[in-house]
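Take a look at the letters that make up each chain.
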Amino acid sequence: MLEGKDLACVRGERTLFDHLNFTLHEGELLLVQGANGSGKTSLLRMLCGLMAPEFGEVLWRGKKIGAARESYHAEMAYFGHSPAVKEDLSAFENLDFACRLAGIPVKREEVKGALGHLGLGHCLNLPAKSLSQGQRRRVALSRLLLAKARLWILDEPLTALDQAALKLVQSLLGEHLRQGGMALLTTHQPVMIPGITPKILDLSA
Amino acid sequence: MNMSQTVMVLLRRELMLAMRRRGDVLTVLFFFVIVASLFPLGVGPDPKLLRLMGGGVVWVSALLAAMLSLGRLFASDYADGTLEQLILTPTPPVVWITGKILAHWLVSGVPLILVAPVLGVQFGLSNEALGVLVFSLLLGTPVLSLIGAIGAALTLGLRGGGVLVSLLVLPLYIPVLIFGAGAVDGAMSGLGSEAHLSLLGGILILAFMLTPWAVSAALRISIE
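Respectively, the protein sequence lines represent chains A and B. Everything in the first sequence is counted per numbering that gives the first Met the number 0, starting at 0 for the first residue and increasing by one. Everything in the second sequence is counted per numbering that gives the first Met the number 0, starting at 0 for the first residue and increasing by one.
Bound conformation, chain A alone (with noise of 0.2 angstroms):
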């Protein structure tokens, strides 16, 4: 369960929110909604622990994730606004390290078999550089697949990605959260899973 307390956000003299509680259970989907500029990813950073909240605290499984660091990092996976991905290597190298990096044993096989999921396994040895915008982001979307985190916090997943994309991306989605995983997203895009009444977190309220 995660659960925020309290949370503010200050950049420079404006405070972005305020006052901010929630709660996310297993098998729920939480949307962070809000204008451009209203703190979603600030939010979505505060939640991974790349950002400090100027105030109130972030709970994992009821424990501060300052505290918990170790076990956290280990069950939650971040997509950020930019993909992770190396330009220089290749789709399969990208997420073959990414994982390896992250502590989780993967297999040759498993690694393509994620690539190929997200539509990827004609450039398995392509070098990234030649890879366009939604594919890279396909390849950083593919390590979800393999990280088997409990929570996904995923800023703006849907972008640059085309319709065949959207619909896997909600798909996968949709079988995180029934295997009672959780996932907390911004996106400007309607989110529709069969099932799942997501709940929603509005910033410019």
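Careful: at least some of the hints might be erroneous.
As the list claims (entries may be wrong) - Chain A is nowhere near these chain B residues, computed Cβ spacing over 12 angstroms in every case:
id	residue
1	8
2	86
3	165
4	184
Stated by the list, open to error - With a Cα cut of at most 20 angstroms, we get these calculated EDC-like pairs of lysine to aspartate or glutamate:
id	chain 1	residue 1	chain 2	residue 2
5	A	166	A	155
6	A	63	A	53
7	A	128	B	23
8	A	62	A	74
9	A	63	B	223
10	A	198	A	17
11	A	62	A	109
12	A	128	B	79
13	A	198	A	161
14	A	62	A	5
15	A	147	A	74
16	A	147	B	83
Note that these hints are calculated values from the structure, not bench results. Keep in mind that this is a model prediction, so the values were computed, not measured. Where a beta carbon is used, it is the ideal one built from N, C-alpha and C, also for glycine.
Once you have looked at the hints, place chain B on chain A.
Structure of chain B alone, referenced to chain A:
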């Protein structure tokens, strides 16, 4: 997965990236050679004078070359989001930071050590002094990477970070320069270089133990 494994994976990745971007590595190396070769042109070809300043010149050039390579240490990982992902791995940051610094030294420090004897010969250093030069660089260049990493981490994402990093880091390099060049000087003048080399070794141990923590704190600030 244990920590040495993480470091090994990271080293493999960094070396692979360096192999694919050989230009970056060679730029630093050529810079080193060219800077050192400028001095004889500037001060004239007097062999006595050149022999006297050879050690110091090679060391100053190594310092500047190390400086030049610092930009690569975290900047590209920062730009493409890899750094965030590294911070979010369960591995303690000091572990992979140590791995990254080690990789940086292998890629930009070791080539300097290999080329240094050639430059030393140009300046007419004695065989003994050449040996001391290589050994002092072997002890000193890792310190340059370690201390430089703090500067590189602090200036991440700043405009004009490259210039700022030199202002931050060059003063901290002074002890390394003094003892490194001093060791070569000692060997040339027959006073012996043990004292300088042991101090350099001491600095290396201290830097190895402390700087990864400082880098970790600096990265935390920069990433916010």
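A quick look at each hint next to the structure:
no.	hint	result
1	8	5 angstroms, violated
2	86	6 angstroms, violated
3	165	27 angstroms, holds
4	184	42 angstroms, holds
5	166/A - 155/A	15 angstroms, holds
6	63/A - 53/A	15 angstroms, holds
7	128/A - 23/B	17 angstroms, holds
8	62/A - 74/A	14 angstroms, holds
9	63/A - 223/B	19 angstroms, holds
10	198/A - 17/A	19 angstroms, holds
11	62/A - 109/A	33 angstroms, violated
12	128/A - 79/B	12 angstroms, holds
13	198/A - 161/A	25 angstroms, violated
14	62/A - 5/A	15 angstroms, holds
15	147/A - 74/A	8 angstroms, holds
16	147/A - 83/B	19 angstroms, holds
Figure legend: structure checked against the earlier numbered hints; hints not met, in rising order: 1, 2, 11 and 13.
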